Amino acid sequence: MVNPIWIMTSAFDQLTLDQTVEKALEIDVQGLDLCVFRRDGTRDDFVATHLDYENFGSGEAKKLIEKFNRAKLRLSIGAFDNLIGGDPAERIKNQNHLLRLVRMAYLLGGDENDVKVGTFVGYNHELGNQDGGFEKNLLEYQKIFGPIIRYANSLGVTILYENCPMEGWRSSGHFGTFNNLTGVLAARKLMYELVPESNHGEIYDPSHDIWQHTDPVEVIKNTDMNRLKRIHVKSTRNNPDPFWGNMYPMQQVPAEWAEKAGISSSTNPWDRHHYEATLPGFGLGDSMDWRAFVNVLKEKNFSGPFEIENEAVLSKQTGKMGAIIQGCKAAVQNLAPLLYELGEQGWQYPDSEYRPLLDVDRADTPFVSMDKL
0 MVNPIWIMTS AFDQLTLDQT VEKALEIDVQ GLDLCVFRRD GTRDDFVATH
50 LDYENFGSGE AKKLIEKFNR AKLRLSIGAF DNLIGGDPAE RIKNQNHLLR
100 LVRMAYLLGG DENDVKVGTF VGYNHELGNQ DGGFEKNLLE YQKIFGPIIR
150 YANSLGVTIL YENCPMEGWR SSGHFGTFNN LTGVLAARKL MYELVPESNH
200 GEIYDPSHDI WQHTDPVEVI KNTDMNRLKR IHVKSTRNNP DPFWGNMYPM
250 QQVPAEWAEK AGISSSTNPW DRHHYEATLP GFGLGDSMDW RAFVNVLKEK
300 NFSGPFEIEN EAVLSKQTGK MGAIIQGCKA AVQNLAPLLY ELGEQGWQYP
350 DSEYRPLLDV DRADTPFVSM DKL
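Reading the sequence shown from the start, the letters are residues 0 to 372 in numbering that gives the first Met the number 0.
Take these hints with a grain of salt, some might be off.
What the hints assert, rightly or not - Listed below are the simulated DSS-like cross-link pairs for lysine-lysine, each with C-alpha atoms no more than 30 Å apart in a straight line: (1) 371 with 92; (2) 371 with 22; (3) 71 with 299; (4) 92 with 61; (5) 299 with 220.
Calculated directly from the structure, the hints in this document are not laboratory data.
Just so it is clear, the structure is predicted and the values come from calculations on it, not from any experiment.
Between the sequences and the hints, there should be enough to build the whole structure, so can you do that?
Set out below in structure tokens:
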């Protein structure tokens, strides 16, 4: 197994695609997972739009393949929003955007070029607040995603779900923080039963399980490896809290109450659980055993990319490009001895493993919206 290391481009939202490619070469990675979020979307955290999805045709696909082959980089695309819940109008826009990305992936070669489409599923709290709400969300997933997955299958495109619970998607006045159906392995396994096609699977981010006090090694042991296509490289440092504990989210209470009681309380939707976003090998301690995690992936013959998703407090969250680059380089250096053989130049991805993207030269296909599926 010789796994390439990629970067998810949300870390470079302030850069153009060409500038991001330059940074990827400086950091010495083998690919980019291009973020292609809606420009009119509602998310404002760690989002980027590195392709013109409104004007993307076969000509643009051909140029993009040529650009990445010149740089000796591989690619995937993705956008991560709520597709089964939230505001109904935004929900439909997110569903249609995912269909745009499926079309783009097809033009870029789809599975033939290992160009996958990353997404969230989201969660419908109107259904979730009812008795049997989790089951009703699974059925809503089946209703929405069944046609999407079958359409993608007809184009030879695979869709991948990330497992972040999106704990900050509701205000901290709400008790629960489970806002994305794919946040637990049990849900993902049930999803594959409800939509049995083989062209959907997972981008697994171990950091999300770490702060939920779940061992990523055990998750991988119980994962269907035919579904696992990408690993997100992001770490978590768990911080103990004697007041709220580590099972339930911190709640919002009046500031004067918290001050008088001498306790912490939630000050924003993302300030709910007691952890700090880090990158392996960069600045802060890590609550994850990366060697054990990589070893179990090797035992399971995982061959996909490890994608650096830089949301680290000391890197991306500083807003400084120098710190962002440093964090990414540190993650590469931390992973290299775990992934690669030792050579004269140290632990490095072997050039002989590089495969250019195929020039598929596919004829254009019209955009298909949800109401046409």
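Verification of the hints:
1. Among the hinted pairs, residue 371 with residue 92 is consistent with the structure: their alpha-carbon atoms are about 14 Å apart, no more than 30 Å.
2. Only pairs whose Cα atoms come within 30 Å are accepted, and residue 371 paired with residue 22 is rejected, the gap being roughly 40 Å.
3. Simply put, residue 71 and residue 299 have alpha-carbon atoms about 27 Å apart, close enough for the 30 Å limit, and the pair holds.
4. In summary, the hint linking residue 92 to residue 61 is supported, as the alpha carbons are separated by about 27 Å, within the 30 Å threshold.
5. Between residue 299 and residue 220 the alpha-carbon distance is near 8 Å, which keeps this suggested pair within the 30 Å criterion.
When held up to the earlier numbered hints, the structure conflicts with hint 2 and nothing else.
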